[in-house]
Every structure is written in C-alpha cells, then in structure tokens.
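*Asks:* Sequence:
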Amino acid sequence: MKMKKMKKGEKGFTLLELLIAIALGGIIAAAVTMVIFQTFTGSTRSANHMVAVRQVQEAGYWVSLYAYSAQGTEITGDSGFPLILDWIDFDTDERHEIVFSLDSSGLRGSYSVDGVLDEEKTGKIPAFEVINPDKTKTNCKFSGGSAFNLPDIGDAFNITGEATPDNGAIIVSAGTISVITAGGATYDADTHEWTTTTAGDIITVAATSSGTIGSWTSEIQAATAGITVDSGAQSATLSDCKMLIFTVTATVGTGGQQTEETRIYKVVPKPAS
Numbered sequence: 001m002k003m004k005k006m007k008k009g010e011k012g013f014t015l016l017e018l019l020i021a022i023a024l025g026g027i028i029a030a031a032v033t034m035v036i037f038q039t040f041t042g043s044t045r046s047a048n049h050m051v052a053v054r055q056v057q058e059a060g061y062w063v064s065l066y067a068y069s070a071q072g073t074e075i076t077g078d079s080g081f082p083l084i085l086d087w088i089d090f091d092t093d094e095r096h097e098i099v100f101s102l103d104s105s106g107l108r109g110s111y112s113v114d115g116v117l118d119e120e121k122t123g124k125i126p127a128f129e130v131i132n133p134d135k136t137k138t139n140c141k142f143s144g145g146s147a148f149n150l151p152d153i154g155d156a157f158n159i160t161g162e163a164t165p166d167n168g169a170i171i172v173s174a175g176t177i178s179v180i181t182a183g184g185a186t187y188d189a190d191t192h193e194w195t196t197t198t199a200g201d202i203i204t205v206a207a208t209s210s211g212t213i214g215s216w217t218s219e220i221q222a223a224t225a226g227i228t229v230d231s232g233a234q235s236a237t238l239s240d241c242k243m244l245i246f247t248v249t250a251t252v253g254t255g256g257q258q259t260e261e262t263r264i265y266k267v268v269p270k271p272a273s
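Residue numbers for the sequence shown, in this note's numbering: 1 to 273.
None of these hints come from the bench; they were simulated from the model. Do not take every clue at face value.
What the hints assert, rightly or not - Okay, derived cross-link-like pairs now, BS3-like style, lysine-lysine, Cα gap no bigger than 25 Å in a straight line:
#1 LYS270 <-> LYS242
#2 LYS141 <-> LYS270
#3 LYS124 <-> LYS266
#4 LYS266 <-> LYS141
#5 LYS242 <-> LYS141
#6 LYS124 <-> LYS270
#7 LYS137 <-> LYS242
#8 LYS135 <-> LYS266
#9 LYS242 <-> LYS266
#10 LYS242 <-> LYS135
#11 LYS266 <-> LYS137
#12 LYS121 <-> LYS270
As the list claims (entries may be wrong) - Just the calculated beta-carbon pair ranges, DEER-fashion:
#13 SER235 <-> SER178: 18 to 24 Å
#14 LYS266 <-> ILE84: 17 to 23 Å
#15 ASP91 <-> TYR68: 41 to 47 Å
Predicted, not measured: the structure shown is a model, and the values here were computed from it. Every residue, glycine too, gets a C-beta built ideally from N, C-alpha and C.
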C-alpha cells in the first residue's frame, strides 16, 4: 500500500511547537491552580474572621450583660479571670453568682444560686471556644471612678485632681447635669471627657434634673471624688462600683489562614436606685 504524501499545508506540529504548547499549558494550569488556591485561602480566612468577630461580640455581650447588673465584681489572677459577678435578688433574697473562667478550652460561664450550680441558666451562656487565653490578649481590669446617684436638682459632687495628671469620662444614664471646672481641669461637653493636670484641679458635676444617675471614670486612678451638695430628702451617693474593662481576643485558624479579632468593652455597674 502506498502512503499518501502530505502536502505542505497539511504538515502537523513540529517538536518545538509541541514543546512550546506544553510549556504554555503548564503555565496556564499553574496560574489557574494558584488562583483557585488563593481564592480558597482567602475564603477560608474570611470565614475564620467572621467566626472571630462573632465570638468577641457575643463574649462581650454576655460579660457586659451580667457586669452591668452585678452588685459585686471581683477579678482574680494576672488576667483578671476567673471574673466573679454577684447580686442579691431582693424579691427572693437569693444570691446569684456568675463566674467566667478562661483557659485553653476558651471562655466559659457558670451560674449559681445560693452556692448551687444552676445547670439550666448555665446552659444558656454560650461557650466561647476560640477565645485566646493569652493574658495579654484577653483580660479584665478595673478603671478608677464610680457610679453616682443625684436624686434631687442641685445635688453635686467634685472630681478633684492630684499631683499625677488624670483623665476620664462622665457618663449620664438618666437625667441631666451641668459641669464647671476650676484650676487646670477641662471638660468637653461633646465627648464628655475630663482632664486634671495637678493637685487642686476641680470638676464640679451638678444635677439639673431630678433622678440623675450615671458614672465617672478615671483612667490613671489618681483623681478622687466626693459629694459636695446633698440638697433634698433623698441622699446623693457615690458608689464604690468601678468600671470593668474587658479586653477579648478570638484566634481562629492556623498558619496563613489564621485570623484574630480584638474588642474592648467598658462596663460600669448599674447605679443603685
């Protein structure tokens, strides 16, 4: 049988052309693989970040919820954990206690009534399994200051500076106030922040409506406060409740897919009515 000669236009690929085609195909395949890998990695990091965000938000919600209602707040250890929050139910005279513990398994809360674990209420507090137990990343500490209760118009207290400069905020939960400064003290009515620079600086906070309650905070814990005017039948008071600063970090994933989210929550317990 005779083989038909190929015409010039019918010639196939040369070896060089085949090698070039294979090389180009490899480059394209590698590029596609890289895009798929990067998309997968980016998607995983994004998902991990969303988990971290949800964990710190929910942990902040639960700690803040109970810290606001607590009549007693105790922080322990270098990290401030276990965090112990308690209060008395005046209707039943029962003592309620929440203990938030932090270890390698995450952040967990337990609820007890009169010293007995309440499994149902404990079960309603989520377990936050990706909260980072490193004390530099998740911790509790107190800021200076206290809650105030100025029940009558004209009730007032002073924040007095010491030799060490200090700063903080005045937070009104109900009612209205007027603020007057003396010496080198300052107060910003928009941000509600105050400063003192030296001993004798004074910030006077007075109620301009009845039933005024709130809190004042002190970052350095140098300034002091005291009631200066108690104008009505109801007593003006400053409680010893201090602001709780809860810093929480969630770490999710490993290696290049690891992501972290940190939030800081500042909570002043509800002023006594």
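*Asks:* Now look at each hint and say whether the structure bears it out.
*Replies:* Consistency of the hints with the structure:
1. LYS270 <-> LYS242: holds (10 Å)
2. LYS141 <-> LYS270: The given pair, whose Cα atoms are some 18 Å apart, holds under the 25 Å limit.
3. LYS124 <-> LYS266: holds (23 Å)
4. LYS266 <-> LYS141: It holds: about 10 Å lies between the C-alpha atoms, which stays within 25 Å.
5. LYS242 <-> LYS141: holds (10 Å)
6. LYS124 <-> LYS270: This hinted pair holds, its Cα atoms lying about 22 Å apart.
7. LYS137 <-> LYS242: holds (22 Å)
8. LYS135 <-> LYS266: Holds, because 17 Å separates the two Cα atoms, which is no more than 25 Å.
9. LYS242 <-> LYS266: holds (10 Å)
10. LYS242 <-> LYS135: Roughly 21 Å between the alpha carbons, so the hint for LYS242 and LYS135 holds.
11. LYS266 <-> LYS137: holds (16 Å)
12. LYS121 <-> LYS270: holds (21 Å)
13. SER235 <-> SER178: 18 to 24 Å: Check passed, 20 Å falls within 18 to 24 Å.
14. LYS266 <-> ILE84: 17 to 23 Å: At 19 Å between Cβs, range holds.
15. ASP91 <-> TYR68: 41 to 47 Å: Check failed, 19 Å falls outside 41 to 47 Å.
The structure shown violates just one earlier hint, number 15.
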